[in-house]
Structures are given as C-alpha cells and as structure tokens.
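Undergrad: Here's the letter readout for the chains.
2 protein chains.
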Amino acid sequence: MDNAIILMSGGLDSTTVLSFAKKNGYNITGLSFDYGQRHRRELESSKKIADFYGIQRIVFKIDLRQIGGSSLTGDEAVEIGKLERKEIPNTYVPGRNILFLSIAAAYSELLDARTIMMGVNSVDYSGYPDCRPNFISSMEQSLQHGLDRSDLKIMAPLQYLNKGEIITMGIKNNAPYELTYSCYNGREKACGRCDSCLLRLRGFMDAGEIDPTPYETYPDFYIDYLRNLKKYKK
Amino acid sequence: MDNAIILMSGGLDSTTVLSFAKKNGYNITGLSFDYGQRHRRELESSKKIADFYGIQRIVFKIDLRQIGGSSLTGDEAVEIGKLERKEIPNTYVPGRNILFLSIAAAYSELLDARTIMMGVNSVDYSGYPDCRPNFISSMEQSLQHGLDRSDLKIMAPLQYLNKGEIITMGIKNNAPYELTYSCYNGREKACGRCDSCLLRLRGFMDAGEIDPTPYETYPDFYIDYLRNLKKYKK
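Those protein sequences? They're chains A and B, same order as listed.
If you use the numbering used here, the first sequence closes out at 234, no skipped numbers anywhere.
If you use the numbering used here, the second sequence closes out at 234, no skipped numbers anywhere.
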C-alpha cells in the first residue's frame with residue numbers, strides 16, 4: 001500500500017481528494033495547517049473528517065500572520081464574493097500552496113510517502129496562481145530536485161474538474177460533506193455570501209445535489225434551484 | 001535601487017552574499033529563521049551582521065522540530081565531520097531550503113522585492129540536494145509560477161565557487177567574518193571538528209587568510225597551515 005500525504009483544509013475539495021485516495025487504497029496521513037487563519041472552524045472540520053476516515057492527521061503550526069498581506073489571516077474585511085471577478089482576491093496569502101507543499105515534502109521524507117495529494121483546481125477556483133497546473137508540475141520537479149527523490153509525485157486529482165464534477169465525484173465516494181466547512185468567515189454557519197460559499201452552492205446546484213451544510217442565508221440562484229427541485233420532486 | 005531579500009543564517013556564506021549585494025547597491029532586507037535550531041548562536045550572529053550593515057532584518061519563526069528527522073533540531077549527536085563523506089549527513093532538515101525560499105517568496109510580494117539571494121553553493125557543500133543548481137533554477141521557476149511573477153529571481157552568487165574563492169570574495173568586500181558563526185554545535189567557541197568548521201578552516205587556508213573566529217581546537221591541517229604561514233612571514 002502506497003503512503004500518501006493529503007493536504008487537508010477541512011473543506012469540500014480536500015475532502016473529495018481524501019475520498020478519492022481512500023477509494024484507491026492509499027495509506028493516508030492528513031496534513032492540516034494551523035497558520036493563524038481566521039476561519040479556525042476548518043481545523044475542527046479537518047479533525048472530524050480525519051476521525052470519520054480513521055486516518056492519522058498532523059497539524060503543523062506556522063504563523064503566517066507574521067507575513068501579513070491577506071485578509072484570511074489579518075483584520076481586513078473579507079470581500080463579498082463576485083463569481084465573475086478577474087483580479088486576485090484579497091483572501092490571498094502569497095504563495096501559500098508553495099509553503100504547504102514544502103512542509104508536506106519534508107514530512108514525505110519522514111513518513112516514506114511518495115505521493116502528496118491536494119485539492120487544487122484550476123476551473124472553479126479563485127484565481128490564485130499557486131493553484132494552476134503549471135505551478136503544480138513545476139513544484140513537483142522542484143521537490144524532486146530539492147529532496148533528491150525522482151519518485152515523489154504531487155497528485156491533484158481535481159485539477160481539471162469544475163465544482164459540480166468535484167461534488168459528483170465526492171458523493172459517489174461517500175465523502176462526508178456534512179463535516180466540511182468552506183466559508184471564509186468562520187462563523188457557526190457558513191455565510192452564504194463569500195466567494196467560497198457561492199462557488200460551493202453553485203457546485204451543488206450543477207451536480208444536482210443538496211449541500212448538507214447549514215447557511216446563514218442563501219444566494220438567489222440557490223433559492224431558485226431549491227424551489228425548482230421541490231417542484232420537480234412533486 | 002532594487003529590493004532584495006537575503007537569506008541570512010549568520011554564517012560565512014550568507015554574509016559573503018550580503019557583502020556582494022551591498023557592493024552591488026541592492027536595498028536589502030535580511031531574512032533569518034528561528035526554526036528551533038540547536039545552534040541559536042547563528043541568530044545572534046545574523047543580528048550583529050544586520051546591525052553592521054544597517055539593514056532591515058526579519059526573523060521568521062517556524063518550529064521545524066515539529067517535523068523532526070534531523071540532528072540540527074533534534075537531540076541526536078552531531079556527526080564528527082568527514083570531508084570526504086558521500087552520503088547525506090544527519091544534519092539535514094529535509095528540504096529546508098525549499099521551505100525557506102517559500103517564505104522568502106511570500107515576503108518578496110510584501111516587500112516588492114524582485115530578487116531573493118542566498119548563499120547556497122554546490123562545490124564545497126555538505127551534499128544537500130536543495131543546494132544544487134538544478135534545484136535552484138527549478139525552484140525559481142516554481143516561485144514565478146506560484147506567485148505569477150515572471151520577474152522574480154533567485155540569485156546564488158556563490159553557486160560555483162569553492163570555499164576559498166568565497167572567502168576571497170568576502171574579504172575583498174570587507175565582509176565582517178569576525179561576526180559570523182558556522183559551527184553546527186552552537187557553543188561559545190566554534191568546535192573545530194564538525195563538517196562546517198572543517199570546511200570553513202580549509203577555505204581560509206585555501207584563500208591564504210586567517211579565520212578570525214575563536215575555536216575550541218584546530219584540525220591538524222590548519223595547525224600546519226598556521227605554522228607554515230608563520231615560517232613564511234619570518
């Protein structure tokens with residue numbers, strides 16, 4: 001059985017990756033980061049998800065507030081999501097995936113894991129350059145050189161899927177989406193307004209599924225979707 | 001004036017790089033890591049060296065003891081240096097430079113720096129794969145992709161110099177070698193026995209210079225060298 005390290009944010013994408021890895025028989029260690037994020041709810045979620053799957057989970061502490069420059073760790077208000085936005089959103093921690101992969105690589109030595117898996121996605125994503133395929137393949141090569149391990153692989157099984165396809169995959173694999181948390185605001189219920197909530201709800205709509213997560217409010221498109229679904233079911 | 005971030009370990013190589021950058025007119029921010037190293041002396045040294053040059057210095061805290069697997073952060077004894085050794089020494093923190101460069105990259109965004117400089121060297125080095133040119137050039141590309149900044153450069157001005165040539169460069173640039181600290185053991189005086197001390201002393205010998213650092217003991221080759229130097233000077 002191959003050892004794999006999976007970057008676990010406690011969100012929908014990384015949980016789908018976990019369900020994929022489980023189905024494919026990997027021996028999994030989850031790696032979560034306590035980086036001073038505002039939405040610490042995601043750490044609780046990743047713990048619940050690790051418990052659900054009965055896998056080992058590491059929480060690596062690294063205080064990215066030392067660097068600053070992002071509303072995900074700072075005090076700046078989170079932007080209200082606009083799905084069509086082109087510029088890089090202010091929730092960006094510069095090169096966060098570069099860092100997370102570096103740490104995963106160090107653990108891969110210790111845990112004798114040849115595979116690092118992560119839930120990056122270049123279709124329904126927020127425009128972060130460190131989610132793009134050219135970054136992932138370049139970083140894989142850098143880790144191979146930097147650790148002198150030509151067999152090390154970064155797998156990004158969601159890379160070319162849209163959110164609806166990701167959710168379809170996860171539901172087929174029985175991913176525990178009710179335990180996941182995607183909202184940027186980190187309150188008890190997901191806000192239903194931020195970029196991450198909007199992408200998630202649109203994904204469930206596209207997949208023809210219902211998001212089990214409780215929301216403070218729903219965007220109009222999702223309310224319409226639920227109404228139509230109800231009609232259809234009648 | 002170009003902004004540059006220089007990885008500062010407080011050792012001889014990074015101080016030589018600093019002297020090079022100063023000479024070439026960069027606006028420098030030093031970046032040191034408080035990573036749970038045993039030889040915390042290097043943090044004191046990097047502070048003194050930053051003060052000497054009057055540059056801004058950032059100390060980023062990241063506890064690599066969380067990962068373990070290395071005598072530089074753990075409790076395992078440091079190996080006695082053997083210059084001819086081929087295998088990777090046990091002072092290796094897996095992929096430390098990958099991590100350090102990732103953090104420097106994040107700061108490069110914040111500080112609007114296009115250049116990251118570091119003192120890696122592939123001639124007189126300890127065999128770490130994350131010091132080799134193929135890693136450095138691959139990592140430069142990864143950072144460019146991951147930050148979407150095609151102008152970001154990793155400069156490694158010592159890459160192809162041997163230790164003697166590095167020291168010759170530093171002395172030409174008036175590098176304050178008396179403030180540097182290279183020993184793996186971190187005691188008041190350098191041990192004169194570990195890999196790092198042996199490389200350093202051989203470098204001073206090759207450069208025809210005298211190391212201003214106080215040592216607990218000197219290896220035979222350096223004692224012979226000092227004796228011959230004395231003879232010569234008579």
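Check each hint, because a few of them may be wrong.
The calculated DSSO-like cross-link candidates involving lysine-lysine, where the alpha carbons are at most 30 Å apart (straight line), are [claimed, not checked]:
1. B:Lys172 - B:Lys153
2. B:Lys153 - A:Lys153
3. A:Lys231 - A:Lys23
4. B:Lys172 - B:Lys189
5. A:Lys61 - B:Lys172
6. A:Lys61 - B:Lys153
7. A:Lys47 - B:Lys61
8. B:Lys47 - B:Lys189
9. B:Lys48 - A:Lys61
10. A:Lys48 - B:Lys153
11. A:Lys153 - B:Lys230
12. B:Lys48 - B:Lys231
13. A:Lys61 - B:Lys47
14. B:Lys61 - B:Lys172
Just a few of them, taken from the derived set where beta-carbon distance is under 7 Å, the chain A residues facing chain B [claimed, not checked]:
15. Tyr53
16. Ser102
17. Pro129
These aren't lab readings, by the way, just hints derived from the structure by calculation.
The beta-carbon is built from N, C-alpha and C at its ideal position, and this holds for glycine as well.
Undergrad: Where does the structure disagree with the numbered hints, that is, which hint numbers, in rising order?
TA: Of the numbered hints given earlier, those the structure breaks are 3, 5, 10, 11, 12, 14, 15, listed in rising order.
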